[in-house]
Amino acid sequence: MLSKVDQKMMALAGDQAVAYAAKQSDVDVVAAYPITPQTIIVEKFSEYVANGEVETEFVCTESEHSAMTASLAASVTGARAFTATASAGLALMHEMLFVTSGCRAPVVMAIANRALSAPLNIHGDHSDSMAQRDSGWIQMYAENSQEAYDSIIQAFKIGENTNVLLPVMVGLDGFTLSHTLENVLTFSDEFVHEFIGTRKIPDVLTHEAKKSPFKLDPKNPMTMGPIALQNYYFEFKRQQEEAMKNAIEIIKDVNNKFADLSGRKYGNGLVEDYKLDDAEIAAICLGSTAGTMKTVIDELRATGTKAGLLRIRTFRPFPSEDIISALKNVKAVAVMDKSMSFGGNGGPAYHEVRHVLYDLPSKPFVVNYIYGLGGRDTSPVQLKTIYIDLQQILKTQTVKEPIKYLGLRQ
Amino acid sequence: MSSELKGWKQIAPAGVCSKSSSSFLTGDWKTYTPIRDLEKCTRCLTCVIFCPDGAIRWIPEKKDIEFDMNFCKGCGICANECPTKAIKMKLE
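Same order as they appear, the protein sequences are chains A and B.
FYI, the numbering for the first sequence is 1 to 410, going by the working numbering.
FYI, the numbering for the second sequence is 1001 to 1092, going by the working numbering.
Any given hint could turn out to be false.
[What the hints assert, rightly or not] List time: in silico DSS-like cross-link candidates among lysine-lysine, alpha-carbon distance up to 30 Å:
#	chain 1	residue 1	chain 2	residue 2
1	A	Lys215	A	Lys275
2	A	Lys237	A	Lys294
3	A	Lys275	A	Lys294
4	B	Lys1090	A	Lys215
5	B	Lys1009	A	Lys200
6	A	Lys245	B	Lys1006
7	A	Lys275	A	Lys331
8	A	Lys237	B	Lys1062
9	A	Lys211	B	Lys1030
10	B	Lys1009	A	Lys245
11	B	Lys1009	A	Lys211
12	B	Lys1090	B	Lys1030
13	B	Lys1090	A	Lys237
14	B	Lys1006	A	Lys215
15	B	Lys1019	A	Lys306
16	A	Lys200	B	Lys1030
The set of hints was computed from the structure by calculation and includes no laboratory data.
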């Protein structure tokens, strides 16, 4: 371990790890509404408040729409705001997600990823956050509870960077991570405070050309997100795209700084490759599946199969350059989606990966595997079949079925 | 006209302006104006609570309410909620 700072091993489920990270991140306001499988985050945090362990203002809202509104309102006054939700809760926030990113409020939100109704299902898949991928939020997906803890801390530092100023959602797979106890290395409160630092408020020139701190303050009145019609709305949206572009470098930078201090590194912050250097066939996935996939790859490598993995850690901003460079020598790629885009010809990750590979002079075969919907277990044996399929594609040089459903009964 | 408009690199984020929304008058949006019957009104303040724009205020010195026509949008909620039917909406 390269660790330069003292860390304490704790047994934490993913939700508890997230709550603990939020506690240590010196959050001013938490406004939340409980929903399975995020519930433990809210329960644990309210316990910290009740025990006087934090000075955070805790707002029990009447809905997720209000939870996001209150988080946004707190954030635009310069406060550090945190919330958490899942599934239908995130769907109910939909409107306010756009207002939050549009007001450039760096709220951090944990998503205990869960399926959307109907039929009702409380288990893990990525349908909830993938449905919000165009909401202007940075999106990160954790592989394990350790990463969930680390990512929440990093998320404040990324979102609050004055070249970014965007809200960040950190996904952790419902139940698989949210409710599973793991060993998690934790920092001291002091270290986390110092790593994130206090929130810096940049000065902006308002519409009337007055220089003001970019926050709501009754002593220095300012209006954020007022009406902007045909003449200006478009320009503000372009600014948000630029902030996303800026976030790419900031995410890498925060990942590096974090690695230097903690000894833990998540690829380059955007993507993480596993045994990809000489790989002929590779899978791409998000979240906890990567853990199982790494074991599968170890087994395949033991029998001489040149298999690799690319885990997309940051889905927004989408790491196009990194994906192109990671896959430039791979001959066949399977993109795994734990959500569907009905009628969209494959899942969201497949769309985006296939899109960026279009510019490669020699394109690999790219196929899609929809899997694990509604928390359906995906075994190492099933995952191995993906690589067997890829080998078959290479052998025959044809793709018979570009979109497959892994673990679905016929 | 378009040459006067600024580009996306020249403007502050989130459309910030250094005025509060109270300096943006919205009263001229209305089609109906509330007219209060001072005899019928019991100063129960139901209308103050219900007004979605905060355009009806209790003035302690006057011991009476006041409509702020700079912000009243003429929605008629006050008239609908008034228990003594002291408020009527008049077409402007």
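The hints, checked one at a time:
{"no.": "1", "hint": "A:Lys215 - A:Lys275", "in the structure": "46 Å, violated"}
{"no.": "2", "hint": "A:Lys237 - A:Lys294", "in the structure": "39 Å, violated"}
{"no.": "3", "hint": "A:Lys275 - A:Lys294", "in the structure": "9 Å, holds"}
{"no.": "4", "hint": "B:Lys1090 - A:Lys215", "in the structure": "41 Å, violated"}
{"no.": "5", "hint": "B:Lys1009 - A:Lys200", "in the structure": "21 Å, holds"}
{"no.": "6", "hint": "A:Lys245 - B:Lys1006", "in the structure": "21 Å, holds"}
{"no.": "7", "hint": "A:Lys275 - A:Lys331", "in the structure": "15 Å, holds"}
{"no.": "8", "hint": "A:Lys237 - B:Lys1062", "in the structure": "48 Å, violated"}
{"no.": "9", "hint": "A:Lys211 - B:Lys1030", "in the structure": "34 Å, violated"}
{"no.": "10", "hint": "B:Lys1009 - A:Lys245", "in the structure": "14 Å, holds"}
{"no.": "11", "hint": "B:Lys1009 - A:Lys211", "in the structure": "16 Å, holds"}
{"no.": "12", "hint": "B:Lys1090 - B:Lys1030", "in the structure": "11 Å, holds"}
{"no.": "13", "hint": "B:Lys1090 - A:Lys237", "in the structure": "42 Å, violated"}
{"no.": "14", "hint": "B:Lys1006 - A:Lys215", "in the structure": "22 Å, holds"}
{"no.": "15", "hint": "B:Lys1019 - A:Lys306", "in the structure": "62 Å, violated"}
{"no.": "16", "hint": "A:Lys200 - B:Lys1030", "in the structure": "42 Å, violated"}
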